[in-house]
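For the protein sequence lines, the chains are A and B, in the order given.
Start counting the first sequence at 1; every next residue gets the next number (the UniProt record's numbering).
Start counting the second sequence at 1; every next residue gets the next number (the UniProt record's numbering).
If you're looking for bench data, these hints aren't it; they were derived computationally from the structure.
It should be emphasised that the depicted structure is a prediction, and the values quoted were computed from it without experimental measurement.
Don't take each hint at face value.
Pairs involving identical chains hold if they fit within one copy or between any two copies, as the list cannot separate such chains.
Claimed, not checked - Cut-off 30 Å, straight-line C-alpha distance, at most; resulting in silico cross-link-like pairs (DSBU-like, lysine-lysine):
| hint | residue 1 | residue 2 |
| --- | --- | --- |
| 1 | LYS221 | LYS294 |
| 2 | LYS221 | LYS313 |
| 3 | LYS221 | LYS148 |
| 4 | LYS149 | LYS226 |
| 5 | LYS135 | LYS294 |
| 6 | LYS231 | LYS294 |
| 7 | LYS294 | LYS313 |
| 8 | LYS226 | LYS135 |
| 9 | LYS231 | LYS313 |
| 10 | LYS290 | LYS313 |
Listed here are the chains, written in short residue letters.
There are 2 protein chains.
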Amino acid sequence: MAVETHAWRKPVRRIAFLVFPNFQALDLAGPLDVFAEANGLVPADDRYEIVVIGPTPDILQASNGMQLVPDICVGAAGDQYETILVVGGPDVPTSQPDKRLVSYLCEQALHVRRYGSICTGAFYLGAAGLLNGKKATTHWQAAPLLAKKFPSVSIDPDPLFIYDEPLITSAGVTAGIDLALALVQQDFGSGISLAVARKLIVVAHRLGGQLQYSPSLVVSKSGNEKIERFKTHVERNIRDELSNAALARALGISFRHLSRLVQDEMGITPIEYIRRARLDTAREVLANTKLPLKVVAHESGFGTVEKLSRAFKTRFGVTPIQYRSSFGS
Amino acid sequence: MAVETHAWRKPVRRIAFLVFPNFQALDLAGPLDVFAEANGLVPADDRYEIVVIGPTPDILQASNGMQLVPDICVGAAGDQYETILVVGGPDVPTSQPDKRLVSYLCEQALHVRRYGSICTGAFYLGAAGLLNGKKATTHWQAAPLLAKKFPSVSIDPDPLFIYDEPLITSAGVTAGIDLALALVQQDFGSGISLAVARKLIVVAHRLGGQLQYSPSLVVSKSGNEKIERFKTHVERNIRDELSNAALARALGISFRHLSRLVQDEMGITPIEYIRRARLDTAREVLANTKLPLKVVAHESGFGTVEKLSRAFKTRFGVTPIQYRSSFGS
């Protein structure tokens with residue numbers, strides 16, 4: 001009889017969030033508040049129903065200490081959801097994911113309309129095989145490890161979220177709010193998602209991607225002595241031209257040899273490494289001083305404001321001036 | 001003996017959050033994550049210790065449905081905190097605040113280094129008398145009611161937070177993250193707060209204040225027929241000049257009479273009302289179309305791009321182009 005009654009109702013928008021011990025509270029609370037605010041603006045029979053699913057019914061402690069009671073445990077969660085999202089947590093990239101949640105994800109991915117992750121939740125999707133052959137993103141800090149663990153995934157560490165339907169993955173922490181706003185926009189249009197953004201005091205579309213938040217430099221695999229000398233030399237001479245010939249001379253090895261070494265150890269060319277070191281220097285100077293752009297360009301070795309601005313915009317999606325107004329003190 | 005052991009320890013940074021049924025989860029989770037991330041970057045003996053205090057030890061449901069277990073109930077919370085912050089919730093402005101939390105705030109304000117609120121948590125501070133004679137802010141939607149309930153407070157609805165020491169109040173919801181970053185900056189400097197912002201994928205300093213998120217128009221107290229005709233006339237003729245004489249002619253009353261009426265009912269002059277109506281029109285056109293600024297200026301009755309830009313920047317702290325990139329679709 002219950003089934004017949006349900007048949008008269010419009011299909012509801014049920015969203016499940018998967019959580020686990022030491023999850024990042026903001027990964028959950030941000031998107032939850034987006035969906036809850038949308039509920040205040042849409043017809044009553046078209047509202048989201050949200051369920052927070054834990055590995056067990058026990059209280060979970062978030063990484064910030066907050067204590068959460070899951071609405072239901074995964075064994076009793078059933079398969080009535082339209083959307084499933086996994087949150088992240090600081091130890092997710094380097095620890096074993098909860099097997100109950102992974103197998104639930106595997107099963108449910110066949111039934112749901114869309115599934116996704118916030119922040120390092122992407123490692124759960126990877127473990128469930130749901131990233132294979134897809135485009136995805138995650139927290140900038142975890143992107144290299146995600147790429148290493150799941151080599152068949154095409155990972156872009158820059159966008160705030162990537163919607164490669166039915167998969168949606170977001171960048172770090174608060175990018176989960178951007179992801180949830182995109183789902184609200186898909187479901188109810190941009191008018192509703194804009195109203196939700198205004199209510200929560202977030203912008204509907206952020207300027208630039210995730211890369212503006214992360215350090216540009218890559219770490220080398222080993223502590224190779226020549227690589228360390230190369231890095232130190234770049235750091236100490238960042239204002240100078242740093243030509244191939246000058247580098248080879250200063251380090252006492254051929255540029256060809258250096259180039260092979262840097263590529264093997266860091267996965268990028270020496271020129272790209274120098275460009276990123278210059279960008280990081282420029283960002284430090286922009287954030288911590290009020291020096292004019294001309295001086296910033298000189299201090300970081302770009303030489304001209306034009307070269308600095310072009311490289312900056314290409315990598316971070318914002319201009320040096322926009323960056324300074326967001327991160328300067 | 002316990003006391004003596006404690007005497008050897010550096011004084012810890014204890015922060016208490018006050019929560020209650022139907023609180024806004026993001027008001028709590030955002031700042032909590034800021035302090036927790038800062039803990040990963042500072043010396044172990046200088047870390048924040050955070051306690052979430054509820055009216056009772058019972059599970060609390062947030063407005064988004066999330067179920068939280070407070071760390072302690074207010075009766076057992078003691079007076080060992082350096083900072084006390086109250087979160088907001090959707091029904092706080094129009095309901096009776098929890099008396100146990102209000103009297104705890106009253107007592108503790110005498111001992112703590114600083115106290116404050118996130119979003120509509122300001123109503124709790126008001127009820128405890130802690131806003132009297134101070135400058136404060138709250139969610140844009142609740143600002144008029146806060147001003148009415150606590151007339152001795154100087155309320156500015158624009159800033160993302162106001163630090164009138166020892167009182168710190170923040171604008172709506174995610175502005176709690178901005179508030180927490182400001183406290184981390186005060187405690188540990190801008191290097192640490194910048195690193196926390198980058199980890200959570202938020203900017204350290206947002207462009208513009210809260211007003212860019214709120215509708216500009218004020219509601220009239222009563223449904224006065226002349227006021228309604230004035231509003232409709234402005235809405236229908238927003239592209240035109242709307243001079244005092246033309247308005248008086250169109251509405252069939254003297255401008256002096258109209259002016260008194262509008263001021264009594266809405267607390268602003270007719271000219272200010274028209275300016276805000278133009279700004280709201282400009283924002284709608286900016287967000288929903290790709291029309292050039294010249295056309296936006298015409299459609300909203302500002303006439304020239306220069307006049308539009310000046311009025312826009314003055315009220316919202318951002319240019320029309322910056323607004324479009326944040327809120328346009």
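Alpha-carbon proximity context of LYS221 and LYS294, limit 30 Å
neither (35 Å within a copy, 54 Å between copies)
Can you tell me if LYS226 and LYS135 fall within 30 Å by alpha carbon in one copy, between copies, both or neither?
Neither way: LYS226 and LYS135 sit 35 Å apart in one copy and 58 Å across, limit 30 Å.
Can you give me the call for LYS231 and LYS313, within, between, both or neither, at a CA distance of at most 30 Å?
within (24 Å within a copy, 44 Å between copies)
Is the C-alpha distance from LYS135 to LYS294 at most 30 Å within one copy, between copies, in both cases, or in neither?
Answer is neither; intra-copy 38 Å and inter-copy 40 Å both fail.
Is the C-alpha distance from LYS221 to LYS313 at most 30 Å within one copy, between copies, in both cases, or in neither?
within (29 Å within a copy, 49 Å between copies)
30 Å Cα cut-off: does LYS149 pair with LYS226 within a copy, between copies, both or neither?
within (28 Å within a copy, 69 Å between copies)
Can you give me the call for LYS290 and LYS313, within, between, both or neither, at a CA distance of at most 30 Å?
both (19 Å within a copy, 22 Å between copies)
LYS231 and LYS294: within-copy, between-copy, both or neither at 30 Å Cα:
within (25 Å within a copy, 50 Å between copies)
First find the shortest C-alpha distance between LYS294 and LYS313 inside one copy, then the shortest across copies, and answer within, between, both or neither for a cut-off of 30 Å.
For LYS294 and LYS313, both the intra-copy (16 Å) and inter-copy (27 Å) Cα distances are at most 30 Å.
Measure nothing new, just compare the shortest in-copy and cross-copy C-alpha distances for LYS221 and LYS148 to 30 Å and report within, between, both or neither.
So LYS221 and LYS148 pass the 30 Å test inside one copy only (13 Å; across, 62 Å).
Taken one by one, the earlier hints fail for this structure at numbers 1, 5, 8, listed in ascending order.
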